[in-house]
Amino acid sequence: MSKYTIQGATGEWEVVIGLEVHAQVTSNAKLFSGASTAFGAEPNCNVSLVDAAMPGMLPVPNRECIRQAVRTGMAIKAQINKYSRFDRKNYFYADLPQGYQISQLYHPIVGEGQLVIDADEKAGIPEDKVIGIERIHVEQDAGKLMHDQHPTMSYVDLNRSGVALMEIVSRPDMTSPAEAGAYVRKLRSILRYVGSCDGNMEEGSMRADVNVSVRKVGDSELGTRTETKNVNSVRFVQQVVEYEARRQVDVLEDGGTVDQETRLFDPGTGTTRIMRSKEDAHDYRYFPDPDLLPLELEDDFLEECRASLPELPDAKRARYIDELGLTEYNARELTAEVETFARFENLLAATASGIGKPEKDVATQVANWALSVAPGIIKSLGEEANPAHATAEAQASILDMQAKGEISGGQAKEIFEIVLKTGREPEEIAEAEGLKQVSDTGAIEAAIDEILANNEDKVEQYKGGKDKLFGFFVGQTMKAMQGKANPAVVNQILKDKLG
Amino acid sequence: MSVDTKQVAKIASLARIAMSDAECEKMVPELNNILDWVEQLGEVDVTGVEPMTAVIPNTLRMRDDVVNADPKTGGDRREDVLANAPVAEHGFFGVPKVIE
Numbered sequence: 001m002s003k004y005t006i007q008g009a010t011g012e013w014e015v016v017i018g019l020e021v022h023a024q025v026t027s028n029a030k031l032f033s034g035a036s037t038a039f040g041a042e043p044n045c046n047v048s049l050v051d052a053a054m055p056g057m058l059p060v061p062n063r064e065c066i067r068q069a070v071r072t073g074m075a076i077k078a079q080i081n082k083y084s085r086f087d088r089k090n091y092f093y094a095d096l097p098q099g100y101q102i103s104q105l106y107h108p109i110v111g112e113g114q115l116v117i118d119a120d121e122k123a124g125i126p127e128d129k130v131i132g133i134e135r136i137h138v139e140q141d142a143g144k145l146m147h148d149q150h151p152t153m154s155y156v157d158l159n160r161s162g163v164a165l166m167e168i169v170s171r172p173d174m175t176s177p178a179e180a181g182a183y184v185r186k187l188r189s190i191l192r193y194v195g196s197c198d199g200n201m202e203e204g205s206m207r208a209d210v211n212v213s214v215r216k217v218g219d220s221e222l223g224t225r226t227e228t229k230n231v232n233s234v235r236f237v238q239q240v241v242e243y244e245a246r247r248q249v250d251v252l253e254d255g256g257t258v259d260q261e262t263r264l265f266d267p268g269t270g271t272t273r274i275m276r277s278k279e280d281a282h283d284y285r286y287f288p289d290p291d292l293l294p295l296e297l298e299d300d301f302l303e304e305c306r307a308s309l310p311e312l313p314d315a316k317r318a319r320y321i322d323e324l325g326l327t328e329y330n331a332r333e334l335t336a337e338v339e340t341f342a343r344f345e346n347l348l349a350a351t352a353s354g355i356g357k358p359e360k361d362v363a364t365q366v367a368n369w370a371l372s373v374a375p376g377i378i379k380s381l382g383e384e385a386n387p388a389h390a391t392a393e394a395q396a397s398i399l400d401m402q403a404k405g406e407i408s409g410g411q412a413k414e415i416f417e418i419v420l421k422t423g424r425e426p427e428e429i430a431e432a433e434g435l436k437q438v439s440d441t442g443a444i445e446a447a448i449d450e451i452l453a454n455n456e457d458k459v460e461q462y463k464g465g466k467d468k469l470f471g472f473f474v475g476q477t478m479k480a481m482q483g484k485a486n487p488a489v490v491n492q493i494l495k496d497k498l499g
Numbered sequence: 001m002s003v004d005t006k007q008v009a010k011i012a013s014l015a016r017i018a019m020s021d022a023e024c025e026k027m028v029p030e031l032n033n034i035l036d037w038v039e040q041l042g043e044v045d046v047t048g049v050e051p052m053t054a055v056i057p058n059t060l061r062m063r064d065d066v067v068n069a070d071p072k073t074g075g076d077r078r079e080d081v082l083a084n085a086p087v088a089e090h091g092f093f094g095v096p097k098v099i100e
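Here the protein sequences line up with chains A and B, keeping their order.
Number 301 in full-length UniProt numbering belongs to position 301 of the first sequence; there are no gaps in the numbering.
Number 20 in full-length UniProt numbering belongs to position 20 of the second sequence; there are no gaps in the numbering.
With the rest of the complex left out, here is chain B:
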């Protein structure tokens, strides 16, 4: 698997990263090196091996359906939520007009 300049430009655009043609060009061998490196994993025979999702046995923990049980992960903290917003007005985030 490998990428070309066009694909790099597309990935950059999907990720909203502004990159010049020269930068894209430079990125092609770098990304291809990484892909080659990862591809080596394909040489290992994994027949009969379950896909691993964590290095230690672990299961997904769930939370009870309680509002604001822990203030750190609850709501009612609009000032904190808006604190870093470049523009906040009337309790909303303000962003450049986006409309279909």
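Same shape as in the complex, but just chain A:
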């Protein structure tokens, strides 16, 4: 697929996208108070006098929130600013008791970084692409307003007020809806690897402001952009880009101009509309917060942050390919989500130690099992399956039996089904249910001898050059063994006997 363009009446247009992602920092307490960040509490129960902006209360930063922002910065290879500062962003709204948000405008904690979005031929991303990240700063979340509970009043819940957010600001480096979607997915993956944000978009832990502008293909000047606020899914981000790009092209081709404005997305219709706001709403009169000294980070602290970083998605994927010998596709699928690679690595370790082989010798078998075989079975069983029974030990022992040739691929599936339904031990199931293949050469040899004796004519034809008959003999042997013979052993004995 070629470059993403919008066909207009006057020619082809391209789209330029930048994203500001707000990610809730994973912490127990809020950014500047000791109130809990737990989701779903009774209204105004997780609110301290600091969060409610009572007079005389002073903010004291939560070390963990700072640590998580620094670790996130390190994960996107960004410059970490040992000196940063908090500023007040002033505006009045009912969900903001302070009358200002504590944020970082002039000296953010994290500077220039980047992430790589993965090639996806089908989505029109022919190769890996580096997306610049301008900065990450930490700031307070606001409270929540409910407008539909009372005829004349809005209700205010300050439980979220003061929860720590990271605002992650990209460069306008994306040029298609697919790239914007890939960026959000990759960022989410990195945040979840690092553990600095749970990435739960439904609960609002991650939301994006989508900046979109268009220009004629070949123009070097950026067009005027619009900003669509609080978009909370990857699909919606892509819809916003598609809709806004088309809308702006139509406006420009009708001789109009795009206004730099804030818009809202309506998921129901897939459209955006302008947010009614006062002209001076953006006059935030930022100034350094006099309640907070500059934040200066010590080398020890930075060292601890760096040392606690896990292996990140790109590095893990490269290792799966180079060291474990997995395919590009499998490596990508396995490393996309934290849960997936954790399950895979557990199973891989258990299988390798069970069989007594290095991990790379069993990695492909385990990857196929973890990515396609096991999920397929779990899905087909639906309600009948108890996923809690799918322990790494149980699955490892199935893979172990399969690797040793004791059970066939089909039997492995049957045993896993029983494990999922009952939680019984795989070895015990194999014995009790007769789900084992015969590798006993004596029994197989006897069966083969009988078949060869009963089919002398075919043996002659085979020896005369009719190679295809080999399959017939295999089939007959398997039938005689009720499908439980080890195919590798059957093949070997047949080859020996037929010379």
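FYI, nobody ran anything at the bench for these hints, they're computed from the structure.
All C-beta atoms, glycine included, are put in the ideal place defined by N, C-alpha and C.
Mixed in with the good hints there might be a few duds.
Simulated crosslink set (EDC-like; lysine to aspartate or glutamate; CA at most 16 Å straight-line) [to be verified]:
1. B:10 / A:283
2. B:97 / A:393
3. B:97 / A:148
Just so you have them, the derived chain A footprint on chain B, three or more residues with Cβ under 8 Å [unchecked claim]:
4. 18-27
5. 36-44
6. 50-59
7. 63-76
Model the placement of chain B on the given structure of chain A, informed by the hints.
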């Protein structure tokens, strides 16, 4: 640097302070006096002087990530939080309807 009546009116509006035209008018020379006074600082040569953020050497202290470690700065005190609210219902603050 100086301000005029229009700017004073705008600052008042941003700060949600209701001021009549006469009050704004009166405020112009007062604010300009303050600005002039602050502007005198510009006469000092500060080449090579680091910006000062506190009069005594001090660094920002941080807190551990513990919920309600100190009751004074912790949550679970809804009654206190809502005590001064003109309207509080069902655990919420009630405010005049604000909707975009």
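Verification of the hints:
Between residue 10 of chain B and residue 283 of chain A the CA atoms are separated by roughly 10 Å; this keeps the pair inside 16 Å, and the hint holds. At roughly 58 Å between alpha-carbon atoms, residue 97 of chain B and residue 393 of chain A are farther apart than 16 Å, so this suggested pair is violated. The suggested pairing of residue 97 of chain B with residue 148 of chain A holds, with an alpha-carbon distance near 10 Å, which does not exceed 16 Å. With a threshold of 8 Å between beta carbons, the proposed coverage of the region 18-27 of chain B by chain A is violated, since 0 of its residues qualify and at least three are required.
Under the rule that three or more residues need a Cβ within less than 8 Å of chain A, the assignment of the region 36-44 of chain B is violated, with 0 such residues. Chain A is given as covering the region 50-59 of chain B, and this holds because 4 residues of the stretch bring a CB closer than 8 Å to a CB of that chain, at least three being needed. Counting residues of the region 63-76 of chain B whose beta carbon lies closer than 8 Å to any beta carbon of chain A gives 13, which meets the minimum of three for the stated coverage.
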